[in-house]
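Asker: What follows is each chain in one-letter form.
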Amino acid sequence: MYSYSEFDTAFLAERNAQFRAQVERRIAGNLTEDEFKPLRLMNGLYLQLHAYMLRVAIPYGTLNGAKMRKLAEIAERWDKGYGHFTTRQNIQYNWPELRDVPDMLDALAEVGMHAIQTSGNTIRNVTADHFAGAAADEIADPRPVAELLRQWSTDHPEFQFMPRKFKIAITGSPNDRAVTKAHDIGIRMVERDGQRGYEIIVGGGLGRTPMIGKVINDFLPEADLLPYLEAVVSVWNQIGRRDNKYKARIKITVHEHGIDEIRRLVAERFIETRKTFTGVDQHMLREIEGHFAPPAFVQADTRPYTDALQHYPAFRAWTDTNVTPHRDPDHAIVTISLKKHGATPGDASAAQMRLIAELAETYGYDEIRISHEQNVILPHVHKASLPSIYSALRVEGLATANVGLISDIIACPGMDYCALATARSIPIAQEIATAFDDLKREHEIGPLKIKISGCINACGHHHVGHIGILGLDRAGVENYQITLGGDHTETAKVGDRVGPGFSAADIVPAVERIVDTYLDLRTDENEPFIDTYKRTGMAPFKAALYPETKVAAE
Amino acid sequence: MPKAFTPKVVTANDLLKGDVIYQTATGWTRRLDEAEMLTDEADADLRLIEASQQTDVVVGAYLMDVATDGGTARPTHFRETFRATGPSNYAHGKQVELH
Numbered sequence: 001m002y003s004y005s006e007f008d009t010a011f012l013a014e015r016n017a018q019f020r021a022q023v024e025r026r027i028a029g030n031l032t033e034d035e036f037k038p039l040r041l042m043n044g045l046y047l048q049l050h051a052y053m054l055r056v057a058i059p060y061g062t063l064n065g066a067k068m069r070k071l072a073e074i075a076e077r078w079d080k081g082y083g084h085f086t087t088r089q090n091i092q093y094n095w096p097e098l099r100d101v102p103d104m105l106d107a108l109a110e111v112g113m114h115a116i117q118t119s120g121n122t123i124r125n126v127t128a129d130h131f132a133g134a135a136a137d138e139i140a141d142p143r144p145v146a147e148l149l150r151q152w153s154t155d156h157p158e159f160q161f162m163p164r165k166f167k168i169a170i171t172g173s174p175n176d177r178a179v180t181k182a183h184d185i186g187i188r189m190v191e192r193d194g195q196r197g198y199e200i201i202v203g204g205g206l207g208r209t210p211m212i213g214k215v216i217n218d219f220l221p222e223a224d225l226l227p228y229l230e231a232v233v234s235v236w237n238q239i240g241r242r243d244n245k246y247k248a249r250i251k252i253t254v255h256e257h258g259i260d261e262i263r264r265l266v267a268e269r270f271i272e273t274r275k276t277f278t279g280v281d282q283h284m285l286r287e288i289e290g291h292f293a294p295p296a297f298v299q300a301d302t303r304p305y306t307d308a309l310q311h312y313p314a315f316r317a318w319t320d321t322n323v324t325p326h327r328d329p330d331h332a333i334v335t336i337s338l339k340k341h342g343a344t345p346g347d348a349s350a351a352q353m354r355l356i357a358e359l360a361e362t363y364g365y366d367e368i369r370i371s372h373e374q375n376v377i378l379p380h381v382h383k384a385s386l387p388s389i390y391s392a393l394r395v396e397g398l399a400t401a402n403v404g405l406i407s408d409i410i411a412c413p414g415m416d417y418c419a420l421a422t423a424r425s426i427p428i429a430q431e432i433a434t435a436f437d438d439l440k441r442e443h444e445i446g447p448l449k450i451k452i453s454g455c456i457n458a459c460g461h462h463h464v465g466h467i468g469i470l471g472l473d474r475a476g477v478e479n480y481q482i483t484l485g486g487d488h489t490e491t492a493k494v495g496d497r498v499g500p501g502f503s504a505a506d507i508v509p510a511v512e513r514i515v516d517t518y519l520d521l522r523t524d525e526n527e528p529f530i531d532t533y534k535r536t537g538m539a540p541f542k543a544a545l546y547p548e549t550k551v552a553a554e
Numbered sequence: 001m002p003k004a005f006t007p008k009v010v011t012a013n014d015l016l017k018g019d020v021i022y023q024t025a026t027g028w029t030r031r032l033d034e035a036e037m038l039t040d041e042a043d044a045d046l047r048l049i050e051a052s053q054q055t056d057v058v059v060g061a062y063l064m065d066v067a068t069d070g071g072t073a074r075p076t077h078f079r080e081t082f083r084a085t086g087p088s089n090y091a092h093g094k095q096v097e098l099h
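The listed protein sequences correspond, in order, to chains A and B. Counting from 1, one number per residue, gives the positions in the first sequence under this note's numbering. Counting from 1, one number per residue, gives the positions in the second sequence under this note's numbering.
In short, the hints are calculated from the structure, not lab data.
What follows is a set of in silico ranges between Cβ atoms, one per label pair, in the way DEER data are often shown:
#1 A/V477 / B/S52: 29 to 35 Å
#2 B/T39 / A/D106: 47 to 53 Å
#3 A/V477 / B/E34: 25 to 31 Å
#4 A/R474 / B/S52: 29 to 35 Å
#5 B/T39 / A/A28: 34 to 40 Å
#6 B/T39 / A/V395: 55 to 61 Å
Straight-line distance between alpha carbons at most 30 Å, and here's what the computed DSSO-like set of lysine-lysine pairs gives:
#7 A/K37 / B/K17
#8 A/K80 / B/K94
#9 A/K165 / A/K247
#10 A/K165 / B/K17
#11 A/K80 / B/K17
#12 A/K37 / A/K247
Residues of chain A clear of chain B, computed beta-carbon distances all greater than 10 Å:
#13 R192
#14 G197
#15 P227
#16 Q238
#17 R263
#18 F315
#19 E361
#20 D366
#21 D524
We put the CB at the ideal spot given by N, CA and C, even for glycine.
Isolated chain B, as found in the complex (with noise of 0.2 Å):
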């Protein structure tokens, strides 16, 4: 039986700076909280060909999955967490430039 789909963002890196995006319904975000939530799975794919597509923008585009918490999304795994969050051996990437 096929799997299940589950929720899921389009994320990738900034071309120029090389950090952590997140697609929005109009364009990228930093913040995982603003991303655009995917819950359909046709919906998703042409989500991240049009994110693909995006060149000289972002690098890397995929399809990450997250939970919804209050309808924005959150990671499911711990590889996207500190993704979201910059490094844990001390606050120096996106946990301290986004406060």
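Extracted from the complex, chain A is given alone in its bound form (with noise of 0.2 Å):
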């Protein structure tokens, strides 16, 4: 993975000085909190509902052994013994107090992190596949790319107080992990004629407006990727709406003056930034490609494995929820849940994030992936260690077999613990998770991905779950509406909303009977929730929820 450079290090040390100085002034009362609340955010620091947030980068969710052990160390001495991954790939601290951020950003230092455009009007942390280097259908690594992004956009002068947030994702595979078409710019690696080359999409995004990406380049030469993307920032930052924040995202603009003259825009403003890259940028790509240079994949004996399958039903059903096929056939990839039933999705206990650092250590070559599923990944696992890797983790609460089933719930933080939420959604998954694991359905029910926000911000990514929620205040009411049919990968698409919404109460009742209809309306087992809701329409599950209104249409 990419270490720091000299002057990376130096950047850093600088950017904590100046924000431990601005905490310092803060608390002595020289600057007042309009003055200060643009600093600590541009360093990640928020204050939610009941405390102060500190929201760390995981640049493209690559994280190793050591990263993750100051992580925890974190956790334990100035937070509540835990962190939360998000759907950014990033991990929130809940409880830091003020005074002891500063420490918190020189700790996170020592082992090359940090918190900047963690929040604010910026380029935030790129996100990438969480199977990057490790997936079989993997035509390159997206990391170098990502990396790249992350030095170019970090701190760059002509986007640090752009109209909006701007994210920016990508993927080296076809099959879309990393939810490309729902960012402000989705990139995918593509090859036309034996030349590598990206895909660009723009204007994507959930919110209270969601909106699918459009493609404005079909294949960018891979030399041209940076003034490309820097000529669709800057035309953005020159015509995106400032007067109205709801309209300021670039999927508004893209949405307003149409994909072809956006397209035209950023072809006439790309002659110019073409000019200012010397090849400087591609020289840089080459040295950070060394960084992520594949492990040297070990060749063992993979019966441990096979004897394990045969004898034990409870490793083998992990094997199959939680662990992916490798591009090399002895390896493996492992998803560790962070989705025990009735537990908060995404959080890890200091202890936990301990021992996923000493598994990956032990035997996974040091890689660690955050996905945006709130999940954590042991990219590169030999066949062998399955069995003991999966034994080590059920001692910590680690080895639920749920990856892809109902229970596998993202959940934003909502109204636990988020200022803008206007309703819980936490709860919400915990309620289903323990309702369905009652009952050991999930497994027969097979692939379903619910996604659950507290509020149209989306940051649980409703929109695009198969079974979407949103929570809402209604006349000082928990509410909460129901989408179906969402797509997240390659095949993106907006859920449909059924009707009206469901109290807290009604909400659970409400995603079984969904799933009911769904048991009784497929083919067989072999037919997914999605693709029956595709094959059938929504009107069978509008009916099972709202039977009342049937029998009036009668």
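Assemble the dimeric complex from its two separately framed chains, guided by the hints.
Answerer: This is the structure we're talking about:
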């Protein structure tokens, strides 16, 4: 993985010293909250419902053992002993005190981590496929490009005060696990006539106005990436709406001007930006690629794995859901579920983080990834090590065999933590997971993605959930709207709203009715929920959710 | 017709700790049941101004609606209930710290 150069280390030290001085001035009363707020946000520090929250960047979701151990240490020393992994592959600490934050940032810097540009109207942490570098279907590892983008966008002088925040995601696989079509810019690595290039998608996003991104360039030569992206952001920075926060994202700019006009403006601007890139970026990319060379995969007998599959049904069930094929046939990708039934999705205790670090160091070439689905990945594991990993995970409550199933729910922090939330999301996720676990039905139900947001900002990606749940405040009462048929992959689609919302007490039974309807309708157990929904449409689900409407219509 | 005034409490977040605090007659408390209940609109506006001026102590002071239960304040909106008690996913906020 990328390790900091002297320049990176010095830059971070300077930034941290600057922020420490700003915190001191705030505490001394020399800065007002209005003056301090933009400064703290630039360093990832929010003030939430119950406390400050520090959002730490995990660039493109990549960690190693040392970084994970440091995250555990910070959780124990300055927080309540846990951290929360987010849908942007970051980690959030929910309980820091203002005075401690500079020390937390210094501790992060010791392992080359920071909280810069995890908030504010800047280019945010670049996200990537969580199976990057390991996936069997990959054209190339997208992380070197993601790192190049991190370096380009960090403190970029033109892009510090933009109309709104800006999010970039990248995938190197045709099967999109990085939700590229729901980002301001989505980058897909593609091949044409033996040449590698990029498909550039712009104007995707969720939030109050969900939009699926549009292709602005279907094949951008590798060397043109940075000048082209600079042209895109630059055009939007000039014509994006600054008069209305809710119309400021690039998705609205693309919608209002049309993709053809934006393409024309970008092409025009690109003529200028192209001249300013002398090729040094490509030289840097080659250097960065050296940091991401794949490990030397060991060769070993896979018999311990095949034996365990035969003798231990629980291990077999775990491999069925939590283990994915690796590009090396003797290796596997392990997804560690942070979705134990009844637990808070995405939370990991310090002890759990340390175990993950140890497993990565012992069995996984010291590589760890965080997924936007709020799970942790060991991307390279020899199959012979899988039984040992499974046994170790069980001890810390990390061996839940539910990845991709109904209890593997994305949930934003919601009103349990977030100052913007209009309703809670975590308890709804807890209740759904527990209800289906009690009935031992989730393996029978099969692949099904539930995504829950506690407000229209859609951090929980509800628009692209097979079942999406949006929590709202309706006249002082929590109310939950359901959407069906959303898709976060390369065939991305915004889900369809079924009808009036449900109360907190009624939302879990409503989900159960949706699932029962699916089980009745599916052709056989090989037809997943999303395919059944595509085949039947919304009508049977709507009838199950609102039987009184059906009676009235008859 | 103007909306009738309902009882209020001044609430904010503590500058250093970031946690939820409520104004009392003489300072600030972390317990809603110790907060100063404001039943007069002009008085409430004045107390909010006073709170907002304490920029080196509190952040984001505002008036929250409360109901009265035997002379002590109770939240009328679920958001304020969570602010007063802590996260509901499991007990690890105010509900633990205040007991």
